[in-house]
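Visitor: Spelled out from the first residue to the last, the chains are:
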Amino acid sequence: MQRKITIKALTLVFLLISFVSYANEDPQKGDLKTEIKAYIQHHLEDSYDFSLTSYTNDAGEKVYWGFPLPVILWDNGLKVFSSSKFHHGKTVAEVDGNFYKVYHTKIYKTDAEGTINYDAEKHPTNAKPLDFSMTKNVVVIFLVGLLMFFMFKGLAKSYAKNNGIAKGTARILEPIILYIRDDIAIPNIGEKKYKKYMPYLLTVFFFVWFINMLGLTPLGVNVTNSISVTVALALITFLITNFTGTKDYWKHIFDPLGDTMPWYAKVPLYIILIPIEVLGIFIKPFSLLIRLYANIKAGHIVMMSLIGLMFLFKSWLGSPLSFGLAFAISLIELLVALLQAYIFTMLSALYFGFAAEEHEHHEEAHTH
Amino acid sequence: MVGAGLVVIGVGIGIGKIGGSAMEAIARQPESYGKIQTAMLIAAALIEGIGFAALFAV
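For the protein sequence lines, the chains are P and C, in the order given. Quick note: the first sequence uses the working numbering, first residue 1, plus one each step. Quick note: the second sequence uses the working numbering, first residue 1, plus one each step.
Please note that the accuracy of each hint is not assured.
To be verified - Only pairs whose alpha carbons sit at most 25 Å apart, straight line, appear in this in silico DSS-like list of lysine-lysine: (1) C:K35 x P:K192; (2) P:K157 x P:K109; (3) P:K193 x C:K17; (4) P:K157 x P:K195; (5) C:K35 x P:K284; (6) P:K37 x P:K62; (7) P:K79 x P:K90; (8) P:K37 x P:K314; (9) P:K196 x C:K17; (10) P:K195 x P:K284; (11) P:K122 x P:K109; (12) C:K17 x P:K195; (13) P:K128 x P:K106; (14) P:K195 x P:K106; (15) P:K106 x P:K37; (16) P:K196 x P:K128; (17) C:K17 x P:K284; (18) P:K266 x P:K247.
Claimed, not checked - To be clear about the criterion: a stretch of chain P counts as covered by chain C if any three or more of its residues have a C-beta under 8 Å from a C-beta of chain C, and this derived list gives those stretches: (19) 277-291; (20) 294-302; (21) 336-348.
In short, the hints are calculated from the structure, not lab data. It should be emphasised that the depicted structure is a prediction, and the values quoted were computed from it without experimental measurement. For glycine and all other residues, C-beta sits at the position ideal for the given N, C-alpha and C.
Okay, chain P solo, but in the shape it has when bound (with noise of 0.2 Å):
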């Protein structure tokens, strides 16, 4: 029976979503599109100010909700000033009668008028200082690293006050610590050496999750899905898994036949297997850091268009549709920020196991 309802009820919704499709035959639909579109392509970059809302108001004038943020530029000389200067990208900054402008998020040095030169592939030509400026993505890393500060601080307190046991809102934490400790280090790295990659791999949880899960907030804070952090992140994994490798790890990657073979059986082999191996290097951190990102920024782009329909649709089904969908994707994105911080470390436990790898797991390595 039950069933049945259901049944009905999804030939219902198809029946008038393609009701709704046929419907909006608007002139106007091209203009909204591109302006959804540009709205989506401004939520996914970074800013010079923290901007929270913009409206438009009764008198036609755009107006923002936020503070500006210091720029700070290396020009001949270091420049600082604020960020309302540039009046959200609108206008000119002048300081100490050098000029400056914002096009495509980025500070290039212009004339008094702000005109900015092309080549021929459309790219400004304009002289580019070096930008040391706290952008709105450093701002939400420092308020992350605080926040983690804190907690991590109160549940170390509530320790010593309380005889190694934890209390209030630190007792969130400690089944966490223990998870990573009893579920990603030790099965990964081994008993004898996971102590020294703790530190790292509780920050590099701690510190994606609460990215991510603030990404989910109406603050618009998407540090994630700016390549620069991933890259970062993944850079850490990079030098850590290298710096601490053991023999073995370098023997497994130059010389992985060992003693099974004479020399000159290994030259031919070798010829194929070490590029593979010096590759597969440099290509774990990196699918590392694509995996982030794009999970990350393919989740920003389907909600914000997914909020968008609301606006395309333009009838009384849109809004519940939209908001059904947004929702759905909404706990999904939950899911999403917890399993990327997961994957993230456990994947980083796994290549310092690699690293670490001592010679009695020799005859395993033979297998791949």
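Here the structure of chain P is known, so what remains is to put chain C in place on it, guided by the hints.
Guide: Just chain C, lined up with the frame of chain P:
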């Protein structure tokens, strides 16, 4: 574009197969649930990485 679509289909089939096999494995040996889940997630994540690489190559 068509290539990216094909890759995504492949990725879908791959992850589906992993999920299905993991389900079967868990049904057969419920006591090793945790280990199977971990292995499943790693394999799924690796395949997913290829899918995203294809999408971003477009």
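Visitor: Against each hint, give a clear statement of whether it holds in the structure.
Guide: Verification of the hints:
Annotation: proposed proximity of C:K35 to P:K192 holds, straight-line Cα distance about 21 Å (limit 25 Å). Distance restraint check for P:K157 and P:K109: the Cα-Cα separation of roughly 50 Å exceeds the 25 Å cut-off, and the hinted pair is therefore not satisfied. Taking the CA atoms of P:K193 and C:K17, the gap is about 35 Å. The hint is violated against a cut of 25 Å. For the proposed pair P:K157 and P:K195, the alpha carbon gap of about 21 Å is at most 25 Å, so the pair holds.
The straight-line distance between the Cα atoms of C:K35 and P:K284 is roughly 22 Å, inside the 25 Å bound, and the hint therefore holds. Of the supplied pair hints, the one linking P:K37 and P:K62 holds, its CA atoms being roughly 18 Å apart against a limit of 25 Å. Simply put, P:K79 and P:K90 have alpha-carbon atoms about 20 Å apart, close enough for the 25 Å limit, and the pair holds. Distance restraint check for P:K37 and P:K314: the Cα-Cα separation of roughly 17 Å lies within the 25 Å cut-off, and the hinted pair is therefore satisfied.
Pair hint P:K196 plus C:K17 does not hold up; C-alpha atoms about 37 Å apart against a cutoff of 25 Å. Between P:K195 and P:K284, the direct Cα distance comes to roughly 22 Å. Compliance with the 25 Å bound is thereby established for this hinted pair. In summary, the hint linking P:K122 to P:K109 is supported, as the alpha carbons are separated by about 17 Å, within the 25 Å threshold. Of the pairs offered as hints, the one joining C:K17 and P:K195 is violated, with about 36 Å between alpha carbons and a cut-off of 25 Å exceeded.
Of the supplied pair hints, the one linking P:K128 and P:K106 holds, its CA atoms being roughly 8 Å apart against a limit of 25 Å. Annotation: proposed proximity of P:K195 to P:K106 is violated, straight-line Cα distance about 42 Å (limit 25 Å). Between the alpha carbons of P:K106 and P:K37 the distance comes to roughly 20 Å, so the proposed pair stays at or under 25 Å and holds. For the proposed pair P:K196 and P:K128, the alpha carbon gap of about 42 Å is over 25 Å, so the pair is violated.
Distance restraint check for C:K17 and P:K284: the Cα-Cα separation of roughly 23 Å lies within the 25 Å cut-off, and the hinted pair is therefore satisfied. Between P:K266 and P:K247, the direct Cα distance comes to roughly 20 Å. Compliance with the 25 Å bound is thereby established for this hinted pair. A count of 3 residues in the segment 277-291 of chain P with a Cβ less than 8 Å from any Cβ of chain C is obtained; the coverage claim is therefore met, three being the minimum. Given a C-beta distance limit of less than 8 Å, the hint that chain C covers the segment 294-302 of chain P holds, as 3 residues qualify and 3 suffice.
Evaluation of the coverage hint for the segment 336-348 of chain P: fulfilled, as 5 residues show C-beta separations to chain C shorter than 8 Å, against a requirement of three.
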